[in-house]
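Number of protein chains: 2
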Amino acid sequence: MSNISRRKFLGTGTKASLAGTAIFASTNSIEKQMKNIFIHHVYFWLKNTGNLADRDKLVEGLKKLSAVKTIKHFHIGKPANTNREVIDSSYAVSWMLMFENDANQASYQTDPVHLKFIEECSHLWSKVIVYDAVDVS
Amino acid sequence: MSNISRRKFLGTGTKASLAGTAIFASTNSIEKQMKNIFIHHVYFWLKNTGNLADRDKLVEGLKKLSAVKTIKHFHIGKPANTNREVIDSSYAVSWMLMFENDANQASYQTDPVHLKFIEECSHLWSKVIVYDAVDVS
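Note that the protein sequences, when read in sequence, are chains A and B. Each residue of the first sequence is one higher than the one before, starting from 1 at the first, in my numbering. Each residue of the second sequence is one higher than the one before, starting from 1001 at the first, in my numbering.
Calculated directly from the structure, the hints in this document are not laboratory data. Do not rely on the hints blindly, as some may be mistaken.
Said to hold, decoys possible - Coverage of chain A stretches by chain B, computed from C-beta distances (three or more under 8 Å per stretch; other residues unrestricted): (1) 44-54; (2) 119-125.
To be verified - No farther apart than 25 Å at their CA atoms in a straight line, the calculated lysine to aspartate or glutamate pairs in the DMTMM-like style are these: (3) K35(A) with D1088(B); (4) K1116(B) with E60(A); (5) K63(A) with D1056(B); (6) K35(A) with D1056(B).
Even glycine gets a Cβ: it sits at the ideal position worked out from N, Cα and C.
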């Protein structure tokens, strides 16, 4: 089925953002809320701060890394153009992953594709901070 | 249409996670990748570290805050049970927001609902770190 048909089927209002899985709650009142997910958010600082070639090498590595099967969704980001006092925009690359559960995240850590990424790209970064978050029960 | 029908329509494989909006790329090769989004990820540390009553007050405040119309998706989290050296699990609450664009995030900052949240809940936290990320172009 084409994307146009799918959009038509789902509608173009807020319901259009509903996914078919447990990640997005399915009742109208909380349809914006993501649930039953493990968010693994990694921020990378480059050894060569501000070096766009190195940044792009890291991004290419992350694209390959995204092939890991247990990754449900991912986003590759850079700092937005915001600058309030509480914002840390000193990082170079944001790597946000969603997993269906703890076990899938744990599996990702030892996946051969992940180990190869570390082998090939770890020389690029000087610092990594990871925040792992699960639903507040 | 019921959720069961929707699931049947979308299928139960990887395509089931496709959303109908631009947030999720629509071709098979990159369907896992979130695109065209502004991720605003906030981590809160409580004044009363480890105080679950205060944590829950903050969570209740965030649930009210989620009513802001420009928020596309949100997740309210707590640290997962992971403990490698690079992981910062010292925060109390993770507040991950997705906006469709920079303007919607900027609008959220001055939304009356947001200002009320700050007024009602800011006494609960001692530290906030924000990471804003947009697609790497």
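Hint check:
1. 44-54: violated (count 0)
2. 119-125: n = 0 at 8 Å, threshold three: violated.
3. K35(A) with D1088(B): holds (22 Å)
4. K1116(B) with E60(A): Distance ~42 Å between K1116(B) and E60(A) Cα, so the pair is violated.
5. K63(A) with D1056(B): Outside the cut-off at roughly 37 Å; violated.
6. K35(A) with D1056(B): With a Cα-Cα distance of about 17 Å, the restraint between K35(A) and D1056(B) holds, given a limit of 25 Å.
Checked against the numbered hints above, the structure breaks hints 1, 2, 4 and 5 and satisfies the rest.
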